[in-house]
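Please build the complete structure, drawing on both the sequences and the hints.
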Amino acid sequence: GAVVSQHPSWVICKSGTSVKIECRSLDFQATTMFWYRQFPKQSLMLMATSNEGSKATYEQGVEKDKFLINHASLTLSTLTVTSAHPEDSSFYICSAILAGATDLWDTQYFGPGTRLTVL
Amino acid sequence: ELKVEQNPLFLSMQEGKNYTIYCNYSTTSDRLYWYRQDPGKSLESLFVLLSNGAVKQEGRLMASLDTKARLSTLHITAAVHDLSATYFCAVEETSGSRLTFGEGTQLTVNP
Chain A
94 GAVVSQHPSW
104 VICKSGTSVK
114 IECRSLDFQA
124 TTMFWYRQFP
134 KQSLMLMATS
144 NEGSKATYEQ
154 GVEKDKFLIN
164 HASLTLSTLT
174 VTSAHPEDSS
184 FYICSAILAG
194 ATDLWDTQYF
204 GPGTRLTVL
Chain B
1494 ELKVEQNPLF
1504 LSMQEGKNYT
1514 IYCNYSTTSD
1524 RLYWYRQDPG
1534 KSLESLFVLL
1544 SNGAVKQEGR
1554 LMASLDTKAR
1564 LSTLHITAAV
1574 HDLSATYFCA
1584 VEETSGSRLT
1594 FGEGTQLTVN
1604 P
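One line per chain: the protein sequences are A and B, in this order. For the first sequence, this note's numbering gives the first residue as 94, with consecutive numbering after it. For the second sequence, this note's numbering gives the first residue as 1494, with consecutive numbering after it.
Since the hints were derived computationally from the structure, they do not count as laboratory data. Hints are supplied without guarantee of correctness; some may be wrong.
Listed below are the simulated DSS-like cross-link pairs for lysine-lysine, each with C-alpha atoms no more than 25 Å apart in a straight line [claimed, not checked]:
1. K1496(B) x K1561(B)
2. K134(A) x K113(A)
3. K134(A) x K107(A)
4. K157(A) x K107(A)
5. K107(A) x K1534(B)
6. K107(A) x K159(A)
7. K1510(B) x K1549(B)
8. K1496(B) x K113(A)
9. K134(A) x K1496(B)
10. K157(A) x K113(A)
11. K148(A) x K107(A)
12. K157(A) x K1496(B)
13. K1534(B) x K134(A)
Output of the computed footprint for chain B on chain A, the stretches with three or more beta carbons under 8 Å from beta carbons of chain B [claimed, not checked]:
14. 132 to 142
15. 157 to 169
Backbone N, C-alpha and C define an ideal beta-carbon position, used for all residues, glycine too.
Below you can see the structure in the form of structure tokens.
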């Protein structure tokens, strides 16, 4: 089956530093990837839609200059949290959509998540 | 703006009992997903419901969709401890678009 990986699985960083999280589709190509954020005991909130070769589309309230997304290839999207602060501590989950798919129902695959802790 | 609401948010039940989790959503959609999340883990896909009246069952879990009422249910039959997890419903507003998640129902099954 289709597999999506995330790296790192967890990261601890100091306030003010930047952290890059990778989302890879291991055995399929993905023109679209979604980035979600989940605070403890809360639901998943969509942050942005990442499209290969074009600019990401950010949800309302998500700072595009703080959360930089790069989808440079059909198998890799990266989320960089710039100048991270403790309030950015969260569980970040990506999902990848099979290239060419018109429906989500059998073509969206979630990564295992990255837990970010900012001290 | 699409809103997805789950009820209850917390559910503690005894093994062997039955219960239903409800998922209401605010706009027209015929695609609804149920996921399971264990602590510290990502999402595990349980069901996708694609049309009005759709019913799917897997083991002790059964999901249904009523698009006219904008309601989906996840029914748990004879609960076992291994079902303890957080369950999310998610609605796809238009075909191929992103998902909007409910708040999640944290289920604890006690021996």
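_So if I understand the rule, the pair passes when the alpha-carbon distance is 25 Å or less; does K157(A) with K113(A) pass?_
14 Å, holds
Need the status of pair K1534(B), K134(A): alpha-carbon distance at most 25 Å? 12 Å, holds
- request: Measure nothing beyond the straight line between the CA atoms of K157(A) and K107(A); if it is 25 Å or shorter, mark the hint as holding.
  value: Holds, because 21 Å separates the two Cα atoms, which is no more than 25 Å.
key: Coverage of the region 132 to 142 of chain A by chain B, judged on three or more residues with CB within 8 Å   = holds (count 7)
* Asked: Can the restraint linking K1510(B) and K1549(B) be considered satisfied, given a maximum Cα separation of 25 Å?
  -> Within the cut-off at roughly 20 Å; holds.
**Message:** Three residues or more, CB to CB closer than 8 Å: is that satisfied between the region 157 to 169 of chain A and chain B?
**Reply:** violated (count 0)
Starting from K1496(B), check that the Cα of K1561(B) is at most 25 Å away, please. With a Cα-Cα distance of about 16 Å, the restraint between K1496(B) and K1561(B) holds, given a limit of 25 Å.
Q) Straight-line Cα separation of K107(A) and K159(A) no greater than 25 Å? A) Since the Cα atoms of K107(A) and K159(A) sit roughly 16 Å apart, the hinted pair holds (cutoff 25 Å).
Does K1496(B) lie within 25 Å of K157(A) when you go C-alpha to C-alpha?
Given pair K157(A), K1496(B) holds - Cα atoms ~24 Å apart, limit 25 Å.
Item to complete: For the pair supplied as a hint, K134(A) and K113(A), confirm whether the alpha-carbon distance does not exceed 25 Å.
Response: 24 Å, holds
- prompt: Taken at face value, is the distance from the CA of K107(A) to the CA of K148(A) at most 25 Å?
  reply: 28 Å, violated
Hinted pair K107(A) and K1534(B), Cα distance within 25 Å: 24 Å, holds
Figure legend: structure checked against the earlier numbered hints; hints not met, in rising order: 8, 11, 15.
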